[in-house]
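Residue numbers (UniProt numbering), protein chains in the order written: chain F, 1 to 298; chain E, 1 to 298; chain V, 1 to 298; chain G, 1 to 298.
Everything labelled a hint here was simulated from the structure, so no lab data went into it. Mixed in with the good hints, there may be bad ones.
Pairs count within a copy or across copies, as identical chains cannot be separated in the list.
[To be verified] Computed cross-link-like contacts, DSS-like style, restricted to lysine-lysine with a CA-CA straight-line distance of at most 25 Å:
{"no.": "1", "residue 1": "150", "residue 2": "45"}
{"no.": "2", "residue 1": "228", "residue 2": "45"}
{"no.": "3", "residue 1": "71", "residue 2": "236"}
{"no.": "4", "residue 1": "256", "residue 2": "194"}
Predicted model, so just to flag it, every value in this text is computed and none were measured.
There are 4 protein chains.
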Amino acid sequence: MQIGLIGLGKMGLNLALNMLDHGHEVIGYARTRSTVDKAAARGVKGAYSLEELVGQLGLPRLIWLMIPAGKTVDEVIEQLLPLLAPGDIIVDGGNSHYRDTLRRYQFLKEKGIRFADSGTSGGMEGARYGACCMVGAGDELFAYLEPLFKDITVPGGYLHTGPPGSGHYVKMVHNGIEYGMMQAIGEGMEVLAKGPFKLDLKAVAGVWRHGSVIRGWLMDLMESALSKDATLENIKDIAYSSGEGLWTVEEALRLKVPAPVITTALLMRYRSEQEESFATKVIAALRHEFGGHDVARK
Amino acid sequence: MQIGLIGLGKMGLNLALNMLDHGHEVIGYARTRSTVDKAAARGVKGAYSLEELVGQLGLPRLIWLMIPAGKTVDEVIEQLLPLLAPGDIIVDGGNSHYRDTLRRYQFLKEKGIRFADSGTSGGMEGARYGACCMVGAGDELFAYLEPLFKDITVPGGYLHTGPPGSGHYVKMVHNGIEYGMMQAIGEGMEVLAKGPFKLDLKAVAGVWRHGSVIRGWLMDLMESALSKDATLENIKDIAYSSGEGLWTVEEALRLKVPAPVITTALLMRYRSEQEESFATKVIAALRHEFGGHDVARK
Amino acid sequence: MQIGLIGLGKMGLNLALNMLDHGHEVIGYARTRSTVDKAAARGVKGAYSLEELVGQLGLPRLIWLMIPAGKTVDEVIEQLLPLLAPGDIIVDGGNSHYRDTLRRYQFLKEKGIRFADSGTSGGMEGARYGACCMVGAGDELFAYLEPLFKDITVPGGYLHTGPPGSGHYVKMVHNGIEYGMMQAIGEGMEVLAKGPFKLDLKAVAGVWRHGSVIRGWLMDLMESALSKDATLENIKDIAYSSGEGLWTVEEALRLKVPAPVITTALLMRYRSEQEESFATKVIAALRHEFGGHDVARK
Amino acid sequence: MQIGLIGLGKMGLNLALNMLDHGHEVIGYARTRSTVDKAAARGVKGAYSLEELVGQLGLPRLIWLMIPAGKTVDEVIEQLLPLLAPGDIIVDGGNSHYRDTLRRYQFLKEKGIRFADSGTSGGMEGARYGACCMVGAGDELFAYLEPLFKDITVPGGYLHTGPPGSGHYVKMVHNGIEYGMMQAIGEGMEVLAKGPFKLDLKAVAGVWRHGSVIRGWLMDLMESALSKDATLENIKDIAYSSGEGLWTVEEALRLKVPAPVITTALLMRYRSEQEESFATKVIAALRHEFGGHDVARK
């Protein structure tokens, strides 16, 4: 197929190369000229404006967005609209909030533009060599796009989750689970590191990859990370978060689903970003008040 | 009554003054000579050795321990034993683990020494002007000691909780609840501090003291702390813990009582003591592995 | 003062009686005729329509809303607007979301109507005999209303928290803290109830009311509840929630304030509302898969 | 090798068959005669007493325990001791607490019996076709046993974690991580199940197995469980726990490692076992006290 790919960052470029590997034609656009140049050097047909991108695509045009969630997506869609014709297709392959996706779907439907959402998992490696795609789309559109999804994913690695929005919904929850799993691994690793035995953490992660109950890709990555830095001494203890963990927590709250582990995992990330915890200062101050407990003063 | 008080620290000295206020005679001992001197200057009869302390007490001797929980209590009991006579009484007014108290009670019973435990709450101010005492003791011993407990507590502020050990048990749980409450206050204060309104935190704590659902002594202390340091800028964000919070969590685990709030409050204190969170480093490293996410490097 | 009180439910009626006690004139309206009759029998001047209510008020009219948060407030305001004149005052004394309050303030400002928000704490007893009011309002309006707030609150029990919205904000956080405190008390009580000692829970709550660190109104209520039902055998283990706990959690998430205790308290309430936990079923099913562990089947 | 296997339950029998597949000779003993018969029918040499078991083993005897953790292990060791000779080997392949293992190692060392611990992961399927073994042992003993571990594990699936006790320690933490991961998956699945889209949960678990970040054996099992019961309607929402989750939490507390996710996962299991939550009743009662909130009565 012929794909107009907007966004050639870490994920976008890898996905483009993946598409090229499977015989697709990729016309790529990014805001920064040098980013386009870099992609062009790898086989992507470079476009230096949206007009140029759209101009190179046959009807119905297939445009794949691989850009940051939020306003950027709306802005790009606004800029694309005058350039597109009814029947053209936009796939949002990024991590948009599912409610934005629902809204955009309705908006574009009224303009005659078909819209699908693909939650794309598997990291950069997945984007490059075989991702996992959770696709929300109408049946007809999904059928049309299915060959492409089949090509860019690992075997068994794509699913038509349901109507528009459902792909991003499933991806959101996937990431929520990921937050909980990662925090669990982190906590376990810390117990290992501080426990009574002098353990080779990399070797432990390694053996857990093979035959254990908790084997999986995160454990593969754990071994990989520890093979580069056996004690993680070069990593700062700050865990940032993008939106999906928060959105999963918000969705759980909305549904009154008690999700304490995913929520706690998110809150511990927020805690890690704090230079100073005011809540803790309150506790220290209270302890000092009632017990005359020593309080660490600055 | 005549009380031999061992331990003249923050809590012990205040308790001694409290007892003196109510017409009791207090012979006080502490390991450090100057501590005894200081107490002596306030009306306590100083004793510079356990022998001296015991020697000044009429039969049955009443000895009150106000010393750190753990080994110290066992050591002092060991040193006291040869000096005591059957029928003498030891009251452990400190924060001992209730299982240690049960053990000591059995041990002393075999020696003919009567033993009671008093969980003492109310901080230094309570020790000085009226505490809250949770007393574990046999009925007869409690009846004997009751006038003393009546004197050193606020009206309604003492309870015969049950047999030996029960006083410390109830005090342990009291402190567990305290951990949860303090963390809740801390979190709320932080939301106030970072929220969209420029609030006078001291004034808020002040109004909450009067008529609100969450009014109570912790809120009184909150206003007091903020009146000294309106933004807590001089307090470091480290909240230490003594044993009872942990013990409550351990007891809850033993009983399979889900106590997530008390537990989380404890864990957040531990988190505050960490210079570096290894768990967080693991998460940061994993994020970097799969997503090429920026990781803060040292 | 002359107050037009809309909403004569549990809180509203008590507040009306409180106002009457202090010499204010209360014209009261409620949707249900019999509710108005009941209030009228206690000294409130009954109004059976908003028109009737507004008609009895002198200029500038002072209207106090004591109605459920959400749409109802907007509806009542919409119905009131044609009846009011510039300079009239609406006080929202309910538990509205602070962002709704900000929106309503702007909306009413454009119409020339003055608007204040009062977060009202202290339960029914507080409403009746002395509440705690957190008031968001412009300075001038607050000065005008202050005598009323002084009358209906306990000494020290009202605060001008800041501009409109701030009263509801502070009240929201107050309730969030309350959630955490209540869960902490619940957990502690359960550890007491299941522990090795046969304790009189009512007596324990009673002694904790006097001189302990965790003394406060919630402990007063704890003793009161246990005095009616010593083992709470007649209470079902479901803890509902109104909005403020959730809003505090949402606000904390928005501000990236880690509030794990308040959040967990909320989630445990949600858990208590569940007839069945799907998350737990997943775990049971997984355990069965890997370990052949017995799984409770229906 | 020749292995005397004590315990022929779910894990033990599968492990025996695994050993047989690799050409080892297995003499198997279990307390129940029929259990031995069943194993004998599959190729195990049945022993109907420990004497019979030991009698069939050449020197140095290699005895593998696959029995429930706790007292049973001590009892069996006590019964074995008079039958063994210096240099004989006991491997504890069960889920013993690492501190019991340390104690047993010292005890047996004094008797001249060599002792190793193998944390064995991978469930029944792993035991049968290739497990993951974390082995604590002295270097010499490990070298001696290594060929056996190589045979019964998947490639890469065994590790000499360090000295005795370390195998069970690493396995304990493995299970702690497992608790956190499973709760995260459970929460995510519940958000999917209750969300706005009608999703095929089995299909979602299926796609997540292929290429996603959270792929791994637990997700394989998730799909398998859902393929048997698409909505888990036949599973009761009770998640039991054996010891390792609790031990990981206790160890984390001992080390002051904040492990809120693993801890919360454990507490949610405990919550699921409760017929009634006393903590929740306390909250419901308190709400009723202050707000006159409706309380669900029995």
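Which earlier hints can't be squared with this structure?
2, 3
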